[in-house]
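**Student:** The chain contents come next:
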Amino acid sequence: MLADSSIVVLALPEIYRELDTSVAGVTWVLVSFNLVMALAAVPAALLARRVGPGRAAAVGLAVFAGAGLACGAAEQLSTLIAARCVQALGGAAAVTAALELLPATVGSERRATVVWAGAGATGAALGPAVGGILTELVSWQSIFLVQVPVALAAAVPILAVARHEMATRVIEQEVRPAGRPHLWANLALAMVSAAIAAALFLLVLLLIEGWRLSPIGAALVVTAMPLAAILGSRLGPHVPDARARAAAGAILVSGGLAGLALLPKAEVALTLPPQLLIGVGLSLVLSALTETALSGRAPQAIHGGWTISARHAGVVIGLLALTPIFTADIEDQRAEAIEAGTAVILDSPVEPLLKLGLARRIAERLEGETGRVPTIGPAFRPLPDDPEDRADVEQLRDELQEQLNRGATHAFSPSFGLGALIGLLALIPIGLARRLDL
Amino acid sequence: MTRGRLLVGGSVAAALVLVGVYLLAGGASYEPQKAQDPCEPREWRDPGSLQQLAEQFSLSALDGAACQLGVSRETLARALATPEARERFGRRYGIDDEKLARAVRAGLLRAVDDAEAAGALTPLLAGPLRSTLEEIPLDQAIALINDASALLENVEGFFGPAQGVIERFFG
Chain A
3 MLADSSIVVL ALPEIYRELD TSVAGVTWVL VSFNLVMALA AVPAALLARR
53 VGPGRAAAVG LAVFAGAGLA CGAAEQLSTL IAARCVQALG GAAAVTAALE
103 LLPATVGSER RATVVWAGAG ATGAALGPAV GGILTELVSW QSIFLVQVPV
153 ALAAAVPILA VARHEMATRV IEQEVRPAGR PHLWANLALA MVSAAIAAAL
203 FLLVLLLIEG WRLSPIGAAL VVTAMPLAAI LGSRLGPHVP DARARAAAGA
253 ILVSGGLAGL ALLPKAEVAL TLPPQLLIGV GLSLVLSALT ETALSGRAPQ
303 AIHGGWTISA RHAGVVIGLL ALTPIFTADI EDQRAEAIEA GTAVILDSPV
353 EPLLKLGLAR RIAERLEGET GRVPTIGPAF RPLPDDPEDR ADVEQLRDEL
403 QEQLNRGATH AFSPSFGLGA LIGLLALIPI GLARRLDL
Chain B
73 MTRGRLLVGG SVAAALVLVG VYLLAGGASY EPQKAQDPCE PREWRDPGSL
123 QQLAEQFSLS ALDGAACQLG VSRETLARAL ATPEARERFG RRYGIDDEKL
173 ARAVRAGLLR AVDDAEAAGA LTPLLAGPLR STLEEIPLDQ AIALINDASA
223 LLENVEGFFG PAQGVIERFF G
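Sequence order for the protein chains is A and B. For the first sequence, the residue numbers in our numbering are 3 to 440. For the second sequence, the residue numbers in our numbering are 73 to 243.
Read the hints as simulated data drawn from the structure, not as lab findings. Possibly wrong hints are sitting among the right ones.
[What the hints assert, rightly or not] Simulated restraints on C-beta separations:
id	chain 1	residue 1	chain 2	residue 2	range
1	A	E396	B	D168	53 to 61 Å
2	A	A26	B	E206	46 to 54 Å
3	A	R363	B	D109	41 to 49 Å
4	B	D168	A	G219	45 to 53 Å
5	A	S24	B	A85	35 to 43 Å
6	A	L356	B	K106	23 to 31 Å
For clarity, every value in this text was computed on a predicted model and none was experimentally measured. Glycine residues also receive a C-beta, built at the ideal position from the N, C-alpha and C atoms.
Make the full structure from the sequences, and use the hints.
**Tutor:** So, in structure tokens, the structure goes:
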């Protein structure tokens with residue numbers, strides 16, 4: 003569940019095409035889930051303490067599985083979004099209850115926090131690859147359907163705990179009032195999560211919709227980010243100062259996003275250094291802020307609920323703030339790319355009559371793909387037989403593709419830049435977190 | 073220096089190096105090329121055939137008309153491609169047929185000037201061509217911009233055989 007967004011994001015371009023919606027519309031597949039998670043996490047944690055974490059987790063997993071089935075069967079965007087909301091309700095119950103169940107399993111609350119945060123990082127690491135492979139080899143529906151047996155399998159051992167709770171009725175005795183949440187750590191978590199959501203969501207869209215990579219190709223590329231996160235998680239334990247880790251992480255996330263905003267060419271390899279920074283940064287900052295938010299606060303499940311709420315609220319804010327900017331920019335850049343493409347065609351040395359036919363076919367493709375970065379390759383097929391004409395046409399195709407690549411890449415720059423700024427602004431609550439330990 | 077400060081310092085350095093390298097590599101200007109100002113003169117390619125001369129003539133005419141209308145050559149080229157596109161263009165930029173006709177005629181005249189200046193049209197051919205183009209109806213003017221080869225074929229056909237004699241006669 004903690005990895006949900008990183009799995010689902012790879013399927014968004016496919017959902018976008020198949021359900022014939024807009025970028026803003028498809029964003030709600032992620033927004034709805036994260037919004038409900040943000041709103042339901044704390045109430046779900048309270049409920050888990052009242053009815054028992056075992057029962058809450060079992061019911062949560064069952065709801066999550068059932069809603070996953072509905073997501074996979076959805077044929078309309080509205081149905082999918084509604085099912086995602088229900089899925090998030092189940093997810094919130096299961097995730098917060100898990101934090102309550104973990105201390106008994108792993109031995110201590112501190113160890114439980116580390117395992118819980120680690121599970122999130124592992125999920126995020128595997129998420130893009132799982133999402134990309136399933137989307138390309140099976141279908142976008144499969145990413146939701148595969149969650150069903152996984153959730154049910156997780157529910158089986160929890161049922162024993164639930165039965166034990168019902169038999170012993172120890173739950174009510176454990177209910178104790180929760181302290182105030184750590185305001186600054188949670189605020190910083192929300193801001194950093196907004197920046198990270200921007201990084202993952204926008205990068206996937208850039209790779210698939212802008213640069214036309216396959217879902218598996220895009221999944222392989224964005225897996226660099228969680229792999230770097232594993233590297234970052236090895237670095238963390240050597241620095242005991244949580245505030246320094248959080249600050250360093252936020253700076254790295256912002257630096258990586260700034261790098262993505264300033265890509266000097268439409269080349270996959272150039273996304274790797276920024277992803278390395280973001281990955282190491284997110285591992286440092288998320289673990290440091292989660293630890294800070296939970297440190298010395300009880301009960302853990304409630305404060306864990308607050309951190310989940312903050313992280314998912316951050317994702318929602320990031321997506322809602324950046325999507326309109328990005329969609330407007332992609333329209334502007336599409337218009338500029340068409341203008342630049344027209345100039346390339348007009349100035350091309352291709353024989354005029356041949357050019358006229360090509361221009362007509364290219365225009366048809368451009369008109370037919372409003373709101374998207376068009377694919378122009380098919381307009382150039384078949385290539386002329388004459389070697390000289392063929393060379394001219396190929397040169398024209400490459401120059402035109404370069405203009406479209408420039409347009410697509412540039413369309414994402416302001417959103418990546420804004421993500422970098424949000425990441426940098428997180429340094430304010432991180433700085434305040436120690437002085438005003440609220 | 074504590075490990076915490078080292079980590080923060082290292083992170084700042086890594087972020088600055090990445091941003092600096094990408095800026096130096098042209099990251100701030102990686103965007104679609106900007107359209108050239110149509111009012112600026114554009115270099116004429118050496119036309120190898122009548123068809124290429126016609127294309128060069130059309131491009132020059134587009135530049136001239138676009139300059140008059142205050143739009144890019146590329147926008148106007150797409151607008152003149154079909155009657156529907158022309159209608160959309162007129163609505164969007166508030167340009168009626170009369171204004172468009174004036175601009176297209178001015179563009180064609182500029183094309184004659186450019187062709188003459190580039191040595192692609194002799195003064196003897198350019199003169200009568202100008203007179204014809206000054207009065208040409210809009211639809212024909214647009215057709216000429218889209219395909220000037222018919223016009224140039226006629227001009228060359230009319231003057232072709234006698235051109236050398238006439239030029240020698242008029243000096």
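**Student:** Let me make sure I understand: some of the numbered hints might not hold for this structure. Which ones are they, in numerical order?
**Tutor:** 1 and 3
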